[in-house]
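From just these sequences and the hints, can you work out the full model?
Heads up: the sequence shown begins at 1 in our numbering, then just goes up one per residue.
Treat each hint with caution, since some may be false.
[Unchecked claim] What follows is a set of in silico ranges between Cβ atoms, one per label pair, in the way DEER data are often shown: (1) GLN95 <-> SER38: 32 to 40 angstroms; (2) ARG3 <-> PRO58: 26 to 34 angstroms; (3) CYS82 <-> GLY27: 29 to 37 angstroms; (4) PRO58 <-> ASP80: 29 to 37 angstroms; (5) GLU101 <-> GLY79: 23 to 31 angstroms; (6) ARG3 <-> GLY79: 14 to 22 angstroms; (7) PRO58 <-> ALA103: 17 to 25 angstroms; (8) ARG86 <-> GLY47: 28 to 36 angstroms; (9) SER36 <-> GLY94: 27 to 35 angstroms; (10) PRO37 <-> ASP72: 15 to 23 angstroms; (11) CYS29 <-> ALA103: 24 to 32 angstroms.
Worth flagging that the hints you see were computed from the coordinates, not collected in a lab.
Cβ coordinates follow ideal geometry from the N, Cα and C atoms, glycine included.
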Amino acid sequence: MLRRCKGRVLDIGGGAGRLVEALLHRGHCTLGIDVSPSAVITTVRRGGAAQHCSVFDPIPGEGTWGTALLIDGNIGIGGDPCRLLRRIRDLVHGQGLLIVETASGGVDERRAPGPNSGPRAAPPTRGLTPRISGRVY
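Put into structure tokens, the structure is as follows:
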């Protein structure tokens, strides 16, 4: 997934900064954002840049990011995926890339498999390209 990133990368809900750190080693200018102060501190301790904020707050470089990441189920940030995707449209540049990690069907193993789980389930989204035209430490 990281090799698909282009340009400056914004890791939304990046947690402890493992992706920020990995992208830095790949030569990307990267910013992690998270609402958890401890996650921001951990990212900084790993050598990355991080901002304690929500994706819905002002973000440095709005409209100029080459790639936005929504990994580990972060498509659910804010409880409204459509609102989140509209916000990300404003953060990336016109040819920007959005990479979303989603889970395939049958994630909760306590439940009986439903009609959308198993080998015939829809494949997870690997990446989307949007076509709709705090403080940094």
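Review point. Regarding CYS82 and GLY27, is the given constraint of 29 to 37 angstroms on their beta-carbon distance met?
Key: 33 angstroms, holds
Check your understanding: So does ARG86 sit 28 to 36 angstroms from GLY47, Cβ to Cβ?
Key -> Check passed, 32 angstroms falls within 28 to 36 angstroms.
Exercise for review: Just tell me: holds or violated, for the beta carbon distance of SER36 and GLY94 against 27 to 35 angstroms?
Suggested key: 31 angstroms, holds
Review point. Are PRO37 and ASP72 spaced within 15 to 23 angstroms by their CB atoms?
Key: 19 angstroms, holds
**Study point:** Status of the given 24 to 32 angstroms range, CB of ALA103 versus CB of CYS29
**Key:** 29 angstroms, holds
Point to revise | Satisfaction of the hinted span 32 to 40 angstroms by the C-beta atoms belonging to GLN95 and SER38 | key: Since GLN95 and SER38 have Cβ atoms about 35 angstroms apart, the given range 32 to 40 angstroms holds.
Practice item. With 26 to 34 angstroms as the target window, see if ARG3 and PRO58 comply at their CB atoms. Key: Because 30 angstroms falls inside the window, the suggested range holds.
Exercise for review: Return holds or violated for the Cβ distance of PRO58 and ALA103 against the range 17 to 25 angstroms.
Suggested key: For ALA103 against PRO58, whose Cβ atoms are near 31 angstroms apart, the range 17 to 25 angstroms is violated.
Review point. Taking the CB of ARG3 and the CB of GLY79, does the distance hold inside 14 to 22 angstroms?
Key: 31 angstroms, violated
Review point. Taking the CB of PRO58 and the CB of ASP80, does the distance hold inside 29 to 37 angstroms?
Key: 19 angstroms Cβ-Cβ, so the 29 to 37 angstroms window is violated.
Review point. That 23 to 31 angstroms hint for GLU101 and GLY79 (C-beta), does it hold up?
Key: The hinted range 23 to 31 angstroms is violated for GLU101 and GLY79, with Cβ atoms some 18 angstroms apart.
In summary, the numbered hints that this structure violates are 4, 5, 6 and 7.
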